[in-house]
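Colleague: Listed below, chain by chain, are the residues.
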Amino acid sequence: MLKAKNRLGLVFFPAFDWAISPTHPEREERLLYTLDQVSEEGVEDIEGIKFFNPVLAKEEDIKRVHFCVPDVDSVVTKSHVISAGGAIAAARALFEGKVDKAFAVVRPPGHHAHRVVYGDRGFCIINIEAIMLEHIRQSFGPKKVAIVDTDCHHGDGTQDIYWNDRNTLFISLHQDGRTLYPGSGFPDEMGGPGAYGYTVNVPLPPQTGEEGFLYVIENLVMPIIKEYKPDLVVNSAGQDNHYTDPITNMNFTAQGYAKLTELLDPDIAVLEGGYSIEGALPYVNLGIILALAGLDYSHVKEPDYDPDKMRQPGWISDYIKRLCNDIYGRWLRKEEIARKMFDGKDFVRRNKRIYYDTIGIMENQEETIKVCRSCSGYTMIKSKCDLGYFILAIVIPPGACPRCVEEARKIYEVADPGDYTGIYLQDRVNDEFKVKK
Amino acid sequence: MIIGLDVGGTHIDAVLLSNGKVLRTAKVPYSSGSIVEGICSAIDELTEDVDPGKINRVNLSTTICTNAVLEGKTSPVGMILESGPGLDASFLACGEENVFLDGYIDHRGQEVKPFNENIVRDASVHFKEKGILSVGIATKFSVRNPVHELKAKELLGGDFCPVTMGHALSGKLNFPRRVYTTYLNAAVYERFRFFASAIDKAFEERGIRAPVNVLKADGGTMNLKKAVSFPVYTVLSGPSASVMGCWVLSDNHEDAVILDIGGTTTDISFFAGGIPLLEPRGIKIGAYPTLVRAIYSHSVAIGGDSAVRFEGDKLVIGPRREGPPKALGGPMPTPTDAMILLELLNLGKKEKAYIAMKELGEVMGISPEETAHLILDRMGDLIKERVYELLKDLNSRPVYTIRELLYGEKITPKRAVIIGGPAKALSLMLERKLKIPCVVPENFEVANAIGAALSRITAEINLIADTAQGYLTVPELGIREKIGRDFNLEKARKQAMELIKERASALGSLSEDAEAEIVEESCFNMVRGFYTVGRNIRVKAQIKPGVSSFEMD
Ligand SMILES: [Zn+2]
Ligand SMILES: [Zn+2]
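In the order they appear, the protein sequences are chains A and B.
Taking this note's numbering, the leading residue of the first sequence gets 12, the next gets one more, and so forth.
Taking this note's numbering, the leading residue of the second sequence gets 1262, the next gets one more, and so forth.
Chain B on its own, in the form it takes in the complex (with noise of 0.2 Å):
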């Protein structure tokens, strides 16, 4: 049996799966503070006659480290930066105390100034002075070469924890998104670890010794104990159990857009030729843009609960929700009351929704059936301009090859996978709108739990080669290794595949269907004067992102 489990803004929702199938589910609400005790009475009430020993696997989605960033209650973070030429760097100083580097490594790897080591060791004292414990190093090009930030971490002293490095986190381009990953993943470092042990020291009292994974916000898990070195990956995982239960449900092989339908916002999701599209770049958390990988998800301000008026002959709904409907005592009409009134949702008091029409639509002069019907539409209509936004932006990214340029793929979708509370109230509205068919999936209130559920291991590496040089380097893993001249792609390709695994396992389990995959790659002559005097290889190999079956009955 698994056990699926996500924590929402104000509710965890909580599946328990056999064989493949919904046995029974969970809705317990909590409060920030008690996210634990809310995770445990979710658990217990799955739980309440089976065998723990039966249990193989608990995933659980966590907003403990979003919440410690949005609420900014994170541990202070010593920063140790270096920058070289480029931008000035002074902006990106985001941590407690900010020590700057004098040194500087080129855009191939190439050390061109050692730094002064002297700053390191005065940083080390000047942190304890002031008790700052977590530490970041993240260094311009690290990616490319890591050892200023190998060399900072030893220089530093053994009295720090976490000591956390730009380059073991992503192997991305982008300095000032290395530097914000670096402190963000120092600073919810303590949280996460509290909240990990808390977890382990509950289940263990519950006899639950399955393994625990947490989700990260590509979709994919990691084991908890090894998630302690990576809390950031956990952010803003909310969004990606959604789409992987959707993933999970509607057996969707195609482009297809994703509409989780809430009480305030619409979440926009997109599967490309039926794999989660990721965000290009990384995540964005508060106000610090990530290199963290996530599932692509943009929201657009509507929901079921969104306050409607007319300002004018103009009907506006939201941004903002002022309570329930008003079919459920609330004080402004909403959608939901729009809803209820034409018998697509049964909730609350239909007479008080139709209340709410009415006195909205008196004002221009229309029954309260035709403003249902104008709410509705309107609603469709915001939803389908965001969507068409984002495509148009998706679908428009920079590209750099002619081939690319030419024959690149453009992501249409060819069907729509809504979920949320008026998810069917509204999917032939939408159907109408968007032109195509929109599919309300089984067991659509808990996609987000089953998508927790079976989501698996996701990895990523980045490989590059420069045979001028005689270097690999694979920041993911910290390995920067001399290679023969004759290094080309094939070798690189080869060596990704099995590297992954490496990184794969440094963040769980690999299950027996996980596949590698190599998603980019790239080989570059290199040639000074007239002559070529090596290769510039690139590689990124992955764990093909997955589910685990799931019947359906």
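So that you can see chain A by itself, here it is in the shape it has in the complex (with noise of 0.2 Å):
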């Protein structure tokens, strides 16, 4: 039998009994081909891969990076507490020394759940990759961490989450946000006054495939990595580039999946999102499945490939190597425009609006971020939604300094309850959390 170069962890989960509703792409049909693929290739008896179930997320696993309103029970569900813990249990056997590389097969996803979360957007809840990682930096300790993400969506939930920890390099491919959910991912949105350029956004025009994407990786992302020295690289593996997707437009293969996983070359892959559940997912989780390992995929294509109908147009070329200059040239200069956006600062505040398209209501937030040059500083959260929540929340990082925690600690206790529908804390230093209404 084959034997795997690195050895795999997968944690397959495909949830047969969980639909959003009955014909909603996250149905329980989504992964059904998948797992008649890879039990037909035999990858169970590829030795050196090892299955591993799914825990269960814990609360304090989810409040370490979410603010569910009005609690945890009322917003989340099973599903996703088993998908978070598809994730917790991949990165475990990873750092408990049980395999080299692992990969969590699980649904829903969770890269458009942002900090603050009152519900289902873009099929998520709560965010699978941010809680897997706070969950192993309790456990392990402090890591510095690279998130590529590989969706075709922007992962706008995780850019909220890491937006000003620089422990955090948050990167993300996708189809630009002027033709597609969620709108955002432009290369100026680049973070926080406490982690400013560690937020790296490359939206690519319709159309891009196998050559785009692969340009990107080469060119851009590995040169950032490299000089970031990640001590962990997780890719949020979505699968929906690929050309045969009904919700996106990119020309995207298995093959180009292989090969991208292959030059990543991530410790960690998680599933995200992907819908063409018959013509993408069964050839693209195989083809990741077997570069992780470090087996050949060079056979693993569609029934329907060919890499003709799916080259590229030259402008498309064209356009990739001009965004990726100027990508690249922002992150070189980031210390450089930091100074100028926030020196002089105490407070940086922005203001955002959140559309949570699968329950149909909008958020408005204030963020307002510390800004201090001991730490990466605290964040402050004014948010109100439809469902008539005015919640204040209050972010206190790991590796805060004493001053910021007490600070923030303070704008807690004194807070009015009287004024909001609830006052929420995150202390990460303490490990803490605590809400009064």
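Treat the hints as calculated values from the structure; they're not laboratory data.
Mixed in with the good hints, there may be bad ones.
To be verified - Here are the simulated lysine to any residue pairs, SDA-like style, with alpha carbons at most 25 Å apart:
hint	chain 1	residue 1	chain 2	residue 2
1	A	K69	B	Y1661
2	A	K61	B	E1540
3	A	K270	B	A1350
4	B	K1374	A	P314
5	A	K109	B	N1656
6	A	K14	B	A1350
7	B	K1671	A	P25
8	A	K16	B	S1628
9	A	K14	B	V1330
10	B	K1545	A	R341
11	B	K1671	A	F62
12	A	K61	B	D1654
13	B	K1315	B	L1331
14	B	K1671	A	S90
15	A	K109	B	L1667
16	B	K1743	A	P314
17	A	K14	B	L1331
18	B	K1412	A	P314
19	B	K1762	B	G1790
20	A	K14	B	P1659
21	B	K1374	A	T255
22	B	K1374	A	Y316
23	B	K1752	B	E1776
24	A	K69	B	N1656
These numbers come from a predicted model, not from an experiment.
Build the complex from these two chains, which are given one at a time in their own frames, with help from the hints.
Modeller: See the structure below:
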């Protein structure tokens, strides 16, 4: 039998008994054919590939990342707890030394879930990569991490959570926000005052194919990662860039995804979106599995694969080249730009409107970040939504300086419950989570 | 009267049962070249003054196929394989000659690309030139649609025997295992056919006209004549005879662990809810993982004759056997010597056992009795550790639904059933270690032969219906037929319950008390765009595993 070059841990959990609704893309059938393909290929017999069941993400795991409004139990479903727990199980297998690489093929996805959560948006409620990562940092100590999101949609939730964290480099490749949900993810979205430049957005034009994606990985993503020197590389491995995906407009392929995986060489991959359940997912997932395991993936091809048809037009190649140059320039000049933008300021404020497409509500947010010389600073969020909630949420990040901790805790203490429907504190220095109403 | 025979590694155990009681037993040594002779002399011993007309049934397990594979005494096989996209299939080449087709069937059983028929025609000529008679055909996703395997067989022409097709052996997904299973079936066919006709002839000479059944690795039986098409099912059926024997003898209805303690190994199996647990994917034979349904049996390299020594201050038992126990004239101290010294076993020369323990313990400054206790204690620990390790593994098998993940049942043995030579001597010690009651059933010495005698037919089918395509497939029966859009789970269940009987009769005759049951079922709405276009229905049915009744005194 075959032997994997890298020991690979697979959490394969198709949740065959859960759907958002019977005809929703997030339905029981989503990973059915993928499991068929993986089973038929005999992946479970390959020496060095081990399967793990998900664990259940605990309430603290979720609270370490999110402010669920009004509370965790009211907004988070069992399926999301298991999906996040699947990512945790994969990462734990890696950190406990059982495997060299891990892949969580789980559903539903999570990368559209922001720090504040009122419900489901973009099929996500809680951010499964962030929950996994913070669980790992809590259990195994601080880690410098690069998250590379290769889903076709902008990973706006992950961006929001790591906006001001320079220990988490977030890079998102996605279809240009002017042509696709959620409409964000432009190169000038680069992070908060404590982590400016550590959010990197690469909006790609519709019809981008193998050539374009691999160009971005080789010429932009890998150089940045090399300079950043992370302890861990996580891939949010959405598969909706595929040419057969029903809700997007890209021309990526199973071969392309496998090559991307080989180049990026992530420690952990987590499935995000991907809704071409017959034509793409069985082949793309197989390609990623083989690439992670260090096995030959050159025969993994869709039945109707035709590289000539998938070739991207020349103007797209040129556009992507210029785009990568521009973004890499921003990366190199990040400190300089940050000084210009933030020097002399005590606080940096921005307003956001966040649309929950699945449940049809709008959230208005005012986010205020403390600019601190000794740490990345705490964050205050005032958030209001159509459901009638108006909350104040305070984030004390890991590694916050004593003064910031004291100041932020004081804001929590003195805030008047009469002014809000709820006041929330996430104190990562003391691993403490409080609410007052 | 019923005869049960279990062909083990060196001996044949046999019983004659009458009215559900053991009338006579026999133990006959044999060598791998003389299995038929061995079986005959065991039968002769049992039936010395018995009217052969009164024998209703002979059930036997055989090592003929296992040995053929392990000793490399198989026929050359020409393999015809079709893999389509996926893993590079070259590692699957396992026959004397391997030919790869260029077609492809996808995961839904849709023909994406037909294969070039000339490849098969050329292969047919080539195989004949090479003097190859046995052919195996395995294509990817043939269990979703067997059309390429069937077509290839047709194109080969009628000059080959056997032509084994993958879909007919198992309905499970796993292309590499399908390839190996197909290969092995074709490779052992000739040997098994020879064995079957020799048995047939020998029994006829003795006037035994009763049906003869062979044991399968899953603890079920199939008719000897019909088994000729499926010889691969008989490989590694040894442990299944013992497990079925424990089922008969222990009257167990809950989770339990079964320990068969032999000379150099202890085989570990489990009952889940009183029913023997099966391997999740299929049994592994030599280097070949297969789809052959088999009773779960894993061993730990420790037994009564394992050599015992100290390495530093650590007592090491096994994994090798250096000969018989010292009490029986062997070269090294063994657990059996410890049992003899402690008077748990009445065997050989106790003085020699004493000397063995004395010499071993002297280095460590402990008495012979203490040494003997230490050995048995260590033996118990090793068995316990392995049992727990296997349980942990079994209880963390992948599940695919939220219901199973949250509420799935775990196997937690409530008792242990122990057989094998030292079973009685070790039961108290094991009870202390495992902290569950340990039972040594009556007649445990011939549990394997009793198990063989009372095993019944087993069979499994996998039905898959895709109403969007309008097809129903049952690979084990080679069925692929049109269905209407109104086909649903209820209809699928009903059809599976009928078809499983058809499958069973392809393997043997169904006893009256055999029951069919649905063991797995699922029904997925297939949605394309935002419309439901059909249902993907999957039903697995089996003949409920069972044993014929046995009375104990
Ligand atoms: Zn997406
Ligand atoms: Zn500070």
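Colleague: Look at each hint and say if it fits the structure.
Modeller: Status of the hints after comparison with the structure:
{"no.": "1", "hint": "K69(A) x Y1661(B)", "verdict": "holds (20 Å)"}
{"no.": "2", "hint": "K61(A) x E1540(B)", "verdict": "holds (17 Å)"}
{"no.": "3", "hint": "K270(A) x A1350(B)", "verdict": "holds (20 Å)"}
{"no.": "4", "hint": "K1374(B) x P314(A)", "verdict": "holds (9 Å)"}
{"no.": "5", "hint": "K109(A) x N1656(B)", "verdict": "holds (18 Å)"}
{"no.": "6", "hint": "K14(A) x A1350(B)", "verdict": "holds (14 Å)"}
{"no.": "7", "hint": "K1671(B) x P25(A)", "verdict": "holds (21 Å)"}
{"no.": "8", "hint": "K16(A) x S1628(B)", "verdict": "violated (51 Å)"}
{"no.": "9", "hint": "K14(A) x V1330(B)", "verdict": "holds (23 Å)"}
{"no.": "10", "hint": "K1545(B) x R341(A)", "verdict": "violated (57 Å)"}
{"no.": "11", "hint": "K1671(B) x F62(A)", "verdict": "holds (17 Å)"}
{"no.": "12", "hint": "K61(A) x D1654(B)", "verdict": "holds (11 Å)"}
{"no.": "13", "hint": "K1315(B) x L1331(B)", "verdict": "violated (37 Å)"}
{"no.": "14", "hint": "K1671(B) x S90(A)", "verdict": "holds (21 Å)"}
{"no.": "15", "hint": "K109(A) x L1667(B)", "verdict": "holds (24 Å)"}
{"no.": "16", "hint": "K1743(B) x P314(A)", "verdict": "holds (24 Å)"}
{"no.": "17", "hint": "K14(A) x L1331(B)", "verdict": "holds (22 Å)"}
{"no.": "18", "hint": "K1412(B) x P314(A)", "verdict": "holds (21 Å)"}
{"no.": "19", "hint": "K1762(B) x G1790(B)", "verdict": "violated (40 Å)"}
{"no.": "20", "hint": "K14(A) x P1659(B)", "verdict": "holds (21 Å)"}
{"no.": "21", "hint": "K1374(B) x T255(A)", "verdict": "holds (19 Å)"}
{"no.": "22", "hint": "K1374(B) x Y316(A)", "verdict": "holds (13 Å)"}
{"no.": "23", "hint": "K1752(B) x E1776(B)", "verdict": "holds (19 Å)"}
{"no.": "24", "hint": "K69(A) x N1656(B)", "verdict": "holds (21 Å)"}
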